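Go ahead and model the full structure; you've got the sequences and the hints to work with.
If you read the protein sequences in the order shown, they are chains A and B. Numbering follows the numbering used here, with no gaps: position 39 of the first sequence is 140. Numbering follows the numbering used here, with no gaps: position 274 of the second sequence is 278.
Any given hint could turn out to be false.
Dumping the calculated DMTMM-like pairs for lysine to aspartate or glutamate here, alpha-carbon to alpha-carbon at most 25 Å [unchecked claim]: (1) B:Lys-238 / A:Asp-158; (2) A:Lys-110 / B:Asp-340; (3) B:Lys-90 / A:Asp-185; (4) B:Lys-382 / A:Asp-126; (5) A:Lys-123 / B:Asp-374; (6) B:Lys-416 / A:Asp-126; (7) A:Lys-159 / B:Asp-374.
To give a feel for the contact side, a few chain A residues facing chain B, derived at Cβ under 8 Å [stated by the list, open to error]: (8) Ile-112; (9) Leu-118; (10) Ala-154; (11) Val-168; (12) Ala-181.
Calculated directly from the structure, the hints in this document are not laboratory data. A quick note: this is a predicted structure, and the numbers were derived from the prediction, not measured. Ideal Cβ placement from N, Cα and C applies to all residues, glycine included.
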Amino acid sequence: MTLNTEQVKKIAYLARLGIDEKDIDTYARDLSNILDLMTQMSATNTDEVQPMAHPLDKKQRLRADAVLEIDQRESFQSIAPQVDSGLYLVPKVLD
Amino acid sequence: MHNKTITELSKALREKEFSSVELTQSYLDRIKKHNALNSFITIDEELALEGAKVADTILANTNTNTNLLTGIPIAQKDIFCTQGVKTSCGSKMLDNFISPYNATVVENFNNAGAVMLGKLNMDEFAMGSSNETSFYGSVQNPWNTRCVPGGSSGGSASAVAARLTPAATGTDTGGSIRQPASFCGITGLKPTYGRVSRYGMIAFASSLDQAGPMTRSVEDAALLLQTMSGFDTKDSTSIDIPVPNYSASLNNNLEGLKIGLPKEFFSEGLNNDVAQTIESAINEYRKMGAEIKEVSLPHMKLSIPVYYVIAPAECSANLSRFDGVRFGYRCPEPKDLNDLYIRSRGEAFGDEVKRRILMGTYALSAGYYDAYYIKAQKVRRLISEDFKQAFAEVDVLMGPVSPSPTFGLGEKTADPIEMYLADIYTIAVNLAGLPAISIPAGFADEKPVGLQIISNYFTEPHLLNIAHKFQQTTHWHQLSPKGFE
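Written out as structure tokens, the structure is:
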């Protein structure tokens, strides 16, 4: 399995991850090598096997739908890159 | 005082041989003296001494019934959120992140009256096996300062080995406690998945991550695990079963213990000197009356491809929260929202983290999900069932932690795959969610070698007992690296 530079660019965009143009070939090579490793799995028949999402096969625990958190807006916003009037600011999405 | 175990330090504090402030100051001085190791990212001297003062008041006002960790300095891997203190996770992304809350593990140590010395260096977002992916630079191994300490908990292992802290915390997603413990000649325990709360521990691969103690002895590891363990409603994967007394059974007799040696742990690729060291360690158990038997984990070789699908897939989802909007790094002058995401992440994540996000994004993308992620989860079950079968025959499994001892700084950074392949003996344990420990077992080419012991789910008391008995008959864990005595 080989990934070309166009595929790497597409994956990087899906992940919203900036990568340097000069590094794309290296990523393509490394990812292709990793994918080669993955092909080892295909030799094993897993038709009758259930996927294992949790090492102890536990289900996600539910809790009562009650408010447990206290308001920490100020503390959380004090570490934000840009805030105004209690809101997180980002560049304009609509004009 | 830096050569004493936690039990000894605790006794000395109670007998007023020295105060927690004096003890904490002496460690802070050692950290400064040996700062070339680069094992710490953040040291908050004022906060540490303030904590020590509080501990001294508790020790002065109560009788001997206080927690044994009261007044004992502990250093935290910089993956644990510490309120009011920078929590970087070894990344430029969180270089400006002052955590607004404490991880449950940190909270547990605070409640026990332990003193936080500082935050330890690590591979960026715990992705790496040599501590060389850290934004804050690589860490030296005190046994040979031209060599790596292992990773991702490399700062923890280096600091404990150099006696810059009596103990440290670590996290283990694919071997990140056990491998650096092995490389630095210390004791490192990865508990059963769900035993220690993951709340406030920055997530890498949520179905694999587990925190544990890194110490100079098994006895100390039992003390730390006691404080770290427990059910936590804030972690949806925390398991609600009672926490046993981890120190109570340390000295139990091992007569009749059945030890399994998985043949896959002793096949090609294993360094000869490491193999010999492990064989002598197993001989110690034979002398204690254990039965040794060969077993097989036939799917173990597939643990590398399975792990390098599951871990990157979960990492790509977990790391999507770092988007430059609410906390962490934001690129200068973003043109639009997309540019803000792309450049903030592109400028702040390092190479290895980017590689894994790309890999994970690909494995989870439409059309590939079944072929990679689901397939990996199926093979993961086969790997886990291999362990179940082995534990039907024997009590514990033993083998090496890593195919070779520590290597030179910069020696393996060119080829990521080479580094991945060296995780072969540790990652199957994470995929199965089992507890395992690395204890010092000797040296190969003057570099420390760890013996790995793997036991069944939630049998940490037995695992610690077996490891402790080894330390009662051997001296490897008491040795100090030259220049750090």
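Comparing the hints with the structure gives:
no. : hint                  : verdict
1   : B:Lys-238 / A:Asp-158 : holds, 19 Å
2   : A:Lys-110 / B:Asp-340 : holds, 19 Å
3   : B:Lys-90 / A:Asp-185  : holds, 24 Å
4   : B:Lys-382 / A:Asp-126 : violated, 32 Å
5   : A:Lys-123 / B:Asp-374 : violated, 32 Å
6   : B:Lys-416 / A:Asp-126 : holds, 20 Å
7   : A:Lys-159 / B:Asp-374 : holds, 22 Å
8   : Ile-112               : holds, 5 Å
9   : Leu-118               : holds, 5 Å
10  : Ala-154               : holds, 6 Å
11  : Val-168               : violated, 14 Å
12  : Ala-181               : holds, 5 Å
Checked against the numbered hints above, the structure breaks hints 4, 5, 11 and satisfies the rest.
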